[in-house]
Amino acid sequence: MSDPFESERAQLAADIAALIDRLADGTRDDAARDALLRRVLRFQKSYVAPYARIVKHSGLAEADALRWPGVPTDVFRFARVAAHAAERDVRVFRTSGTTQAHRGEHPLRDLSLYDRSARAWAKHMLFPDAARMRLIVLAPSSAELPDSSLSYMLDRFEPWFGLADRTRASVRAMRDGALDLPVLERALREAERAGEAVALLGTSFAFVHADDGLGAARFALPPGSRIMQTGGFKGRSREVSPDEMRAMLSARYGVPERMIIAEYGMTELCSQLYEAMEPRRLLAPGWVRVSLVHPETLAPVPDGDEGLVRIDDLANLDTACAIQTSDRGVRVHDGILVLGRAAGAVPRGCSIAIDAALSGEGGS
Amino acid sequence: MSSAENEPIALWSRVGGAREPLAALSVETRAHAIAEACSALRRPDAEQVALLSRSSGLSEPMVRWALDTTFAAFSEEALLALARTAGQARARGVAVVLAGNVLTAAARPMLLPLLAGVPVVAKASSRDDALPHAIAAAVSQAHPDIGMACAAATFGHGDAPRLGALLSGGDCVQVLGSDEAVAAVREQLRADQTLIGRGHGLGLGLVARGALELSADAFALDIAAYDQRGCLSPHAILVEGSDAQAEQLADALYEALARRERDMPRGALPVEAAAEQLQWRGVAAARGSLRASEAFAVSCEHGAGLRPSPGYRNVSVYSLASVASLAERVAPLSRYLKALGVAGQADPEEIAPYTCPASRMQAPPLDARLDGLHPLAGFA
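As they're listed, the protein sequences go chains G and B. Here the numbering used here is used: the first residue of the first sequence is 1, the next is one more, and so on. Here the numbering used here is used: the first residue of the second sequence is 1001, the next is one more, and so on.
Okay, chain G solo, but in the shape it has when bound (with noise of 0.2 Å):
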C-alpha cells in the first residue's frame, strides 16, 4: 500500500524538477511557480510541525497560502524544521557557530533538489559562456566542514563546472582553516602562463585575507576568468564594502569588475542568488520567488520601500519552502538589493542581546 506522504512529496518532488529544468535557462513563469508552491507550502503545513504552528498562529485561511507568514530564520537554531525523521537525514547543514549558541540546523533527506537548482543558476548566472573551466576555490572542502552548505555546493561545482584533466584539476587553496597562499599564487600564475580563464571562487573574508596576504603581487587572468565571492564577514577579517570589494579584486586579480559576481546563499536554503549589474541587483531562479515584506505586519512592502527580505524555495521540499530572512532589502528592477542585516544591529545599550545572553559573550 503506498504512503500518502510518500506519493505526494515524489509528485511534488518531480513537478519541482521539472520546473526547474523549464526555467533554467532564465526564463520566468511565476504562475506556475506560485501554483506549485502553494502545494508545497500546503504538504509542508501537514508534515513539518513548527511550520504548522505558524500557520495556525497566522490565523489565515488555507486560500491564502501565499500569504502565509514565513519561517523566521532562527526557528532553524531552535525547532526541527523538516518533513521527515532525522533517521532519514543524509546531510544536515549548520550556520556557522561564531557568535551564536544554538547553531540553526538545515535536515535533507535528499540532496537531488539541491544539486539541480544549486546547479541550473549557477550555470546561468556564473558559466553562461563556458562549460568547464579549471576552479580555485578559496574555501573549505566539505571534508573539512561536512555541515557547510557553501563548502558542499562548492565541491559539487568541481564535477559540473570544472576540468577533470588532471594538470588542470581544480586547486582548493584552503586547508585546515586557514589559506594556503602559496597554493593560491602557483595557480593563479599557471593560469597566466596557460591563457586559460579560471574561475576564482570563496568567500569574502578568505579573499580580505588572501589580498592582505599577497602583498605587492598582482595577476592578470586571461580573458574569461571570473570571481565569485559570497558571505559576509562574521568578525573574521576586515569589512570591506561591496563596491571596495569589487575593486579590490579587480585590480587584485586582473579581472574586469563586469566578471565580478557576489552570491547570497543561506543555509536555510537549496537554492542560490547571483548578482546581476546595471543596476546591480541579486537575481533569483525561476523556481524562488523574493518579497520584500513589513518587519511588524508581514506584508509586501511598496516597490521602492525597504523591507525584510523572505524567500520562497521551491527547492527546499523536504523542510520549509517559505524563509523569513532578517536581512534588509529593496526591490531593483527585476532583482533584489540586500542591504544588511536588522536583527542584531539594535542599540541597546546595557539591555543585552538574545545571542549574546544564550551564549555567554557578552564581553568583558
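Since the hints were derived computationally from the structure, they do not count as laboratory data. Idealized CB from N, CA, C, for every residue including glycine. A hint or two may mislead.
Said to hold, decoys possible - Just a sample of chain G residues kept apart from chain B, beta carbon distances all over 10 Å, derived:
(1) Leu12
(2) Asp74
(3) Arg156
(4) Asp180
(5) Arg218
(6) Arg236
(7) Glu239
To be verified - Derived CB-CB ranges, DEER-like:
(8) G:Gly340 x B:Ala1137: 49 to 59 Å
(9) G:Arg218 x B:Arg1190: 41 to 51 Å
(10) B:Gly1305 x G:Asp243: 39 to 49 Å
(11) B:Ser1325 x G:Pro4: 42 to 52 Å
With chain G fixed as given, assemble chain B onto it according to the hints.
Just chain B, lined up with the frame of chain G:
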C-alpha cells in the same frame, strides 16, 4: 549649546572650580537642592515631554511615568538617609558615560555624586541626550553653586579625543552600557582611577505558588516600563507550578499588557528591533504558544531552556517545579541577571543583586544595590 559647553576639558575646568564650594555645603543643603531639582523634573511641561519622547523613542505617557517614578525616589529624606550610610567624599570628580537605552538612567550617576559633594561630568548618548542636559539645568535652577559642579556633554561614541578628555578628568568613572563599552573604557583608565561599570544585564520574574492572580498586572508594569529596554526589565516570568498554570499566567499577562498599552502605549519600534521581534515571535509560535498583538506578546515554551526576549514588550512565561530549583533553572543566564521581581510569598535564593516585589523592578528605591554595589560606591 556653544562648543565650549560641550567640550569635556572646558566642563572639567568649570566643575573643578565648583568643587570646594560644593564640598563646603552641608549634606542637608545638597540633599534639599537635589530633591528640589527632582521635584521639578517630575513635572515636565508638554514641550519637555514631547522632546524626551522624540529623543528616547518612548511614548509621551511612558515618559511621564518614567520621570515621575524615577525622580520620586529622590526625596530629601531618602537622599539624607542614603548619605548617612556612606562616608566622606573620596573622589575629586566623577566622569559618567551614559547609554541611550533607558531614559532616566542618567539620574543616579549624575545626582548621587553631587549628594556626596563630588563634581560630575556626564557624556550623554548622542541618540538620547535630552534628559542629562535637563538634569544639569534643573540642578542649576535649584542651587546655582551645585549646578556649577554638574555638567553634561553630547558627543558620539567614536569621538575618542572628547571621550579621553572626559575620562581623564574624573578619578572615578561610571560607565553604563554594554559589557564591550565598559571594557573599552577600562582600557583607557589610569591605575589611580576607579571604574564603576554597569554592563549588560536582564531581569526575570518569579510567581510563587498561589500568587497567579496578583501577578499579571504587576509584571505587566515591569515589562511595559521603558518598553522593556532596560537591564532590569524582565525577559521571562517563571511560575511555580504546572505548565497549565504558566499558560494561565500568560493569558492574564496578555490581558494586563493590553490594559497597559491603553494608558502607557509602547513607543516606536525601530526596524532592527522589529526584525528581532519577528524572529523571536516566530520561534515562540513554532515551538510553543504565542499570544501576540502589534505592541506586545507573551509566549509559553514548555520544556525549553530560558530564551531572553528582544525587549519592546515581548516576554516568555515558563513553569518552574519549585522555587528551590530557581537558581539551577536560571543558571545559563545568571551571569547577566541583575533583577528578580517576585510575586507572592517566596524566599528565593539570592540570584540577582536586586530582588524586589513585582511591579517595582523598574522603580528601585534610592538605596537599592543595583549591580550589587552601594549607590555611592566609587566616590564616597
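- Task: Taking the numbered hints from earlier one at a time, note which ones the structure violates and give those numbers from smallest to largest.
- Result: 2, 8
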